[in-house]
Amino acid sequence: MKRRILIIVFTLMILASNVGTTFAEGFKKTEQTFLKAKREENSWGYRSWRDERDFETSNNNKTIRFYIGNQEYWKVNFIKGRYIVAPKQPNIDGKKFIGWYDEDGVRFDFTVPATESKNLIAKFEEKYTSRSKLNKIRELVDESYNIKKSDIYKLDTQVNKDEYDYAIEIGKYTLSSLDEDIDIEEVLNLIEKAKLNLKGNKIGNKNDIRIYSADLSNLKKLIDEESKVKAEDRYRFDTDFNKYQYDYAVIIGKNVFNTHNIDQETVNSIVELIELSKNNLKGKSNEKLLKYNVYAYETSNGSIFVDKLKSAKGEKVTISVKPDVGFELDYIKCESINGDEINLNNNIIIMPSSDVVLTAVFKPIPQQEYSVVFDIDGDSNTIPTAIVKSGERVEKPINPIKEGYKFKFWSLDGINEYNFDTRINESIILKAVFTNELNEDYKTVMFDVEGNEFDIPQITVGYKESAIKPEQIPQKEGYKFKFWSEDGINEFDFNTSIVKDVKLKAVFEILPVDSKKYNVTYSFVSDSEIEIPDEIMGLLPSNNEVSRGESVTASKVVNSNGAEVVQLHFIKNDGTIGCWEFKGWTPDRFESVSEDIKFVGKWSYREVNDTVNSKVELEREIKRQILDLKNPILVKAKGFQIDLNSLDLLDAETLTVTNQLSYGLTAWYRGNEEIYLVQVQPRYFTEDKNVIDKYHSDIQSWVDRNINSNMNDEQKVRAIHDHIVNKVHYRSEGGQGRYSQFSPLALHYDNHGVCQGYATYFYAFAKKANLNVEIVSGMVTTTSPNSSYYIPREEVERQFRNGQTNHMWNRVQVDGTWYQIDLTWNDPTNSSPNYEFYLVNDDKLRTREAGYRAWDISKHPNTSQISYNRQDINPINDRRNEREPNESERFWTEETPNIDWNGWNRNWGWAY
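Quick note: the sequence shown, position 704, residue 704 per the numbering used here, numbers continuous.
Be a bit skeptical, because a hint or two may be false.
Unchecked claim - Taking lysine-lysine and the DSS-like style, the derived pairs with C-alpha atoms no more than 27 Å apart in a straight line are:
#1 K768 to K689
#2 K431 to K505
#3 K505 to K396
#4 K517 to K598
#5 K333 to K322
#6 K638 to K623
#7 K228 to K254
#8 K469 to K505
#9 K220 to K278
#10 K500 to K402
#11 K123 to K80
#12 K517 to K556
#13 K149 to K136
#14 K556 to K516
#15 K254 to K195
#16 K230 to K313
#17 K310 to K322
#18 K476 to K516
#19 K148 to K193
#20 K220 to K254
#21 K727 to K322
#22 K308 to K291
#23 K199 to K254
#24 K844 to K149
#25 K95 to K118
#26 K243 to K282
#27 K123 to K95
#28 K243 to K291
#29 K694 to K768
#30 K396 to K408
#31 K161 to K133
#32 K767 to K844
#33 K602 to K630
#34 K408 to K505
#35 K136 to K161
#36 K161 to K199
Claimed, not checked - Pair by pair, the computed Cβ-Cβ distance ranges are:
#37 K322 to H696: 37 to 43 Å
#38 E529 to K630: 19 to 25 Å
#39 N70 to I337: 50 to 56 Å
#40 S592 to I530: 33 to 39 Å
Just so you know, the hints here were simulated from the structure itself, not pulled from any lab data. These figures come from a predicted structure and were not determined experimentally. Note that beta-carbon positions come from the ideal geometry of N, C-alpha and C, so glycine has one too.
Take these sequences, add in the hints, and give me the full structure.
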């Protein structure tokens, strides 16, 4: 609405210079329109702008009914002579609301008192009409850059140039605004008129220009006091609208003063305009119109919430917290952005005249320890007493044995079975409950090997039946198994009739010292018909001997320097490169050796024949093999110098399957020619090609169902954007899905991920929808200066210049113009999905709200200088209740682990 008022301000200023209306008169009309705007901001039920009187006490009762078609939309009862507040603007898909009209087709004027009862009907127009006008405004704004370089502008009068500049600025506001109250046609007419007024070098003979000599002393006095006025509270604490009026009144005054050649009447009007705008500054009396930010942060171990993120002075802000399990609130720190403490009463603060920072600190709930005693017919020592922390569960012990009885369950009261999922909050005694039914059907025999009751499975036998001796022989280093025993001394007779649950222990005896040695030998085999070369055979580990009963692990394959070798490459006479890769030993370990043993190592052979002759071909071939999930990737190259650090391999396509690559380079000289073998070892998000194929197939199916040829570029972008932010929730921690959070596969299959996943996922949809799209990587900081992750703009830019990046987003082309779009930041963890960073310009991303971003503009040039007009876009449905709770900030650096293969490595780290 404020932008609409600005349009009227500038329009009146221009009309004043053309048709004789004074600036002061224009200002008064603007002020009246501003009052109208404030009335419309009040609630529907507020019937009068002036003193409110009870409707029932008046004898001049009137009624205005508002209709949409034949359906009544709203009704207002009022007293004759009162102002009527317009109801909330109706919204119909595909149409734009024009205004309320009476039955004679006359638009109702809410700025004058109403005197009669009326029926008013809502009038709409198709939205494409507004869109065509917006496109025309965009053309005029884009054209302004060339016009200002031409003589028609440069050689014109300062007044005409000022008119044109103001009109273009209003056009930019309109294109970037979400305010549906802006009269688009009025803005279009304003720009076209200002453009036609430019005459440049066609002004005519200088003798035709009148010379004025006006008294500028009063104007100069008002201009000189500008800095003083701006330092006063009446300016500092006033509304943006009032300050904007004053600023532009002074700017016009300065332009006129510098021109000098102007008539006295115009000077007097400008003086009156500045004085009116200055007198309209009310400072703290208008402070209630200001909205201040409420920043809520939690240290860790819990979350803090507020009922509103912006609030005016004196309003109440309610705070609530949710500690994590095992934690409780310690305190909430409330202070203004300047560090002044704010009183917190019953989790409510009264908003001061500044931004507020709320910090919740949580502490662990003190955990008391309780004892759980296991009572077996008065014996509490057979099973040790368990010590359990408050809120935790006690582990169920092994079933006790009582001869002639069967164990049923543990009980608190001796009657009911105890639930071991119950959390302990006091010391308890659990009693063993038995049944004396000796004819129970089944009994259990357990086998205990040095305290491990699970290596050999327990068996169940019928009552009075005998148990079968396990075939599996227990193992113990340096010992020989002797027998199973119930008492640990005597061997158990497996012909015994089982009438109770039995626990048998393995009894061992020490092996005698055996001087006999056994041979350990090694050999290599090839998985192809190619004979293993001598260079590899020379890497065989030495044969040795081991004593009886020892266990042996295969030796590593190492070179003369002791470095492990997993690959070996050589070049043949015909230029073919042979590549040998060690696949491992079979077996890789022998337990309790009692005979000669042999380890067999397998080598795989592969030849690389095709040659690339340029960096472009090299990158193309590596990317092709990455998308085919090859590992390792081997490429032969010659004819150019290779710098591994300069290879650009991770792009929008390859980031679908990996974000970690390690590089290696082997070179051979043949005469004057140098031949290279480039090795790339990816760490793939998945090695299943079917998963990748289904990912692309699913995206294509969605595009086929939801994108059609009748949609323009913006409609396609919006459909894809809304689908992703409604499907996915941001999550930075790994290990919670099938795929890495950096992968678009995590977004597609697990519905969560981080910025790299968002950017590559949007890229895949956009490409299949035939949109021009890019991925942008850069440096960003958190939006809160109070966060430990915050760094100033200069540091963001410095780190980016030093090669650091920690965020990814996209650029997409709409109707031939490039815009920035960030789905990650449009899908925040603690609030609703939105369009904050939807089709914006570069300047938007350089603000604090966007994290002072820095990126390589040379790689992503020609972004639109203005953000896309989004006034026809409805808000995204709030899905917060469907989202999992998560951390409040997501700005840090996560380095990928150092990957080392055969002595060559390279880190490839993205931070998200």
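Hints versus structure:
{"no.": "1", "hint": "K768 to K689", "result": "holds, 19 Å"}
{"no.": "2", "hint": "K431 to K505", "result": "holds, 26 Å"}
{"no.": "3", "hint": "K505 to K396", "result": "holds, 21 Å"}
{"no.": "4", "hint": "K517 to K598", "result": "holds, 14 Å"}
{"no.": "5", "hint": "K333 to K322", "result": "holds, 16 Å"}
{"no.": "6", "hint": "K638 to K623", "result": "holds, 18 Å"}
{"no.": "7", "hint": "K228 to K254", "result": "holds, 16 Å"}
{"no.": "8", "hint": "K469 to K505", "result": "holds, 13 Å"}
{"no.": "9", "hint": "K220 to K278", "result": "holds, 15 Å"}
{"no.": "10", "hint": "K500 to K402", "result": "holds, 8 Å"}
{"no.": "11", "hint": "K123 to K80", "result": "holds, 25 Å"}
{"no.": "12", "hint": "K517 to K556", "result": "holds, 22 Å"}
{"no.": "13", "hint": "K149 to K136", "result": "holds, 21 Å"}
{"no.": "14", "hint": "K556 to K516", "result": "holds, 26 Å"}
{"no.": "15", "hint": "K254 to K195", "result": "holds, 22 Å"}
{"no.": "16", "hint": "K230 to K313", "result": "holds, 21 Å"}
{"no.": "17", "hint": "K310 to K322", "result": "holds, 21 Å"}
{"no.": "18", "hint": "K476 to K516", "result": "holds, 20 Å"}
{"no.": "19", "hint": "K148 to K193", "result": "holds, 16 Å"}
{"no.": "20", "hint": "K220 to K254", "result": "holds, 8 Å"}
{"no.": "21", "hint": "K727 to K322", "result": "holds, 25 Å"}
{"no.": "22", "hint": "K308 to K291", "result": "holds, 11 Å"}
{"no.": "23", "hint": "K199 to K254", "result": "holds, 22 Å"}
{"no.": "24", "hint": "K844 to K149", "result": "holds, 26 Å"}
{"no.": "25", "hint": "K95 to K118", "result": "holds, 24 Å"}
{"no.": "26", "hint": "K243 to K282", "result": "holds, 10 Å"}
{"no.": "27", "hint": "K123 to K95", "result": "holds, 10 Å"}
{"no.": "28", "hint": "K243 to K291", "result": "holds, 15 Å"}
{"no.": "29", "hint": "K694 to K768", "result": "holds, 14 Å"}
{"no.": "30", "hint": "K396 to K408", "result": "holds, 13 Å"}
{"no.": "31", "hint": "K161 to K133", "result": "holds, 23 Å"}
{"no.": "32", "hint": "K767 to K844", "result": "holds, 25 Å"}
{"no.": "33", "hint": "K602 to K630", "result": "holds, 20 Å"}
{"no.": "34", "hint": "K408 to K505", "result": "holds, 24 Å"}
{"no.": "35", "hint": "K136 to K161", "result": "holds, 21 Å"}
{"no.": "36", "hint": "K161 to K199", "result": "holds, 10 Å"}
{"no.": "37", "hint": "K322 to H696: 37 to 43 Å", "result": "holds, 40 Å"}
{"no.": "38", "hint": "E529 to K630: 19 to 25 Å", "result": "holds, 23 Å"}
{"no.": "39", "hint": "N70 to I337: 50 to 56 Å", "result": "holds, 53 Å"}
{"no.": "40", "hint": "S592 to I530: 33 to 39 Å", "result": "holds, 37 Å"}
Taken one by one, the earlier hints all hold for this structure without exception.
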